[in-house]
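**Q** Assemble chain C onto chain V, guided by the hints.
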Amino acid sequence: MSSTFDTIANIIAETCDIPRDSIKPESHAINDLGIDSLDFLDIAFAIDKAFGIKLPLEQWTQEVNDGKATTDQYFVLKNLSARIDELVAAKGA
Amino acid sequence: MRIEYFQLIDRIVDLNLADRKISSEALVPTSSTIFEGHFPGYPLMPGVLLIEAMAQTSGWLVVAMNRFQRMPFLAAVKEAKLRTYVKPGELLSIDAHLEHDGSGYAIVEAKIRAESKLICDATLTLRVLDFPNAEMEREMRDRAAAIGLTVEALADG
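Here the protein sequences line up with chains V and C, keeping their order. Taking the working numbering, I'd label the letters of the first sequence as residues 1092 to 1184. Taking the working numbering, I'd label the letters of the second sequence as residues 507 to 663.
The shape of chain V in the complex, shown without the other chains (with noise of 0.2 Å):
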């Protein structure tokens, strides 16, 4: 797996106090793994700071309200690496 995965199930683990072994790249990371919009605060401080982009949680949050992306798309963890890798990209374009 990506070491971006590897990246945010560290920084889970730490922020959250989660065995890192159970941090898997198909975990939800509300529905599986039981964290809660602030903790997630504190991984997305964390993520921001290692890949230097801003996770756009404010958009993610109102797609999903609007029934126009599913939680899975962001909030699996394999899918959640993707999304960074994409930020990342596009921060070097």
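Calculated from the structure, these hints are not laboratory results. A hint or two may mislead.
In the PhoX-like style, the derived pairs of lysine-lysine whose C-alpha atoms are separated by at most 25 Å in a straight line are [to be verified]:
no., chain 1, residue 1, chain 2, residue 2
1, V, Lys1140, C, Lys527
2, V, Lys1145, C, Lys593
3, V, Lys1145, V, Lys1169
4, C, Lys584, V, Lys1140
5, C, Lys617, C, Lys593
6, V, Lys1145, V, Lys1115
7, V, Lys1169, V, Lys1115
8, C, Lys623, C, Lys587
9, V, Lys1159, V, Lys1145
10, C, Lys617, V, Lys1140
11, V, Lys1169, V, Lys1140
12, C, Lys623, V, Lys1145
13, C, Lys527, C, Lys617
14, V, Lys1140, V, Lys1115
15, C, Lys584, C, Lys617
**A** What follows is chain C alone, placed relative to chain V:
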């Protein structure tokens, strides 16, 4: 400082949007009903209100950064250290620096000094949301103007 009304900041003394930092002043009143309980015979500014003063200063910074478009709400307090007592009548200088401007949240480092001595410091997380209603937005703008934080002042910032 109108401590009972949670109006803890008296005035904004400096605002630097480019450096993402703000400084405010707050004079702890010499008497207050709060001091009757905290503590009887030994009045002290409650530590939670020192944190609130840092949060309010941080909030004004975030409001200034977004030009009064959105409202910050305190969400988390980390690494808070209350280093010494604050007594009635002390003048507090509060500094805040925007560490990170996230999507819907902000991370701010804040500290309070009195006569150059560090009183307390903390890292604060603020959720940044739309104003819940027009009344609150209006009240916030009025309060901001009263302490010297205006849209006009921001134009110069």
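**Q** Next, verify each hint and record whether it holds.
**A** Hint by hint, here is what the structure shows:
1. This hinted pair checks out: Lys1140(V) and Lys527(C) have alpha carbons roughly 19 Å apart, not beyond 25 Å.
2. Only pairs whose Cα atoms come within 25 Å are accepted, and Lys1145(V) paired with Lys593(C) is rejected, the gap being roughly 42 Å.
3. Proposed proximity of Lys1145(V) and Lys1169(V) is supported: the alpha carbons are some 18 Å apart, at most 25 Å.
4. Proposed proximity of Lys584(C) and Lys1140(V) is supported: the alpha carbons are some 17 Å apart, at most 25 Å.
5. For the suggested pair Lys617(C) and Lys593(C), the alpha carbons sit about 17 Å apart, so the restraint of at most 25 Å is met.
6. Straight-line distance between C-alpha atoms of Lys1145(V) and Lys1115(V) comes to about 23 Å, which keeps the hinted pair within the 25 Å bound.
7. Our distance criterion of 25 Å between C-alpha atoms is met by Lys1169(V) and Lys1115(V), whose separation comes to about 8 Å.
8. Note on Lys623(C) and Lys587(C): the hinted pairing holds, with a Cα-Cα distance of about 14 Å set against a maximum of 25 Å.
9. A threshold of 25 Å between alpha carbons decides the hint, and for Lys1159(V) with Lys1145(V) the separation of about 21 Å falls inside it, so the pair holds.
10. A distance of roughly 22 Å separates the Cα atoms of Lys617(C) and Lys1140(V); the hinted pair therefore holds under the 25 Å criterion.
11. In summary, the hint linking Lys1169(V) to Lys1140(V) is supported, as the alpha carbons are separated by about 19 Å, within the 25 Å threshold.
12. A threshold of 25 Å between alpha carbons decides the hint, and for Lys623(C) with Lys1145(V) the separation of about 36 Å lies outside it, so the pair is violated.
13. With a CA separation close to 12 Å, the supplied pair Lys527(C) and Lys617(C) stays within the 25 Å bound.
14. Distance hint between Lys1140(V) and Lys1115(V) is fulfilled; the C-alpha atoms sit about 22 Å from each other, no more than 25 Å.
15. Taking the CA atoms of Lys584(C) and Lys617(C), the gap is about 12 Å. The hint holds against a cut of 25 Å.
The earlier numbered hints that this structure contradicts are 2 and 12.
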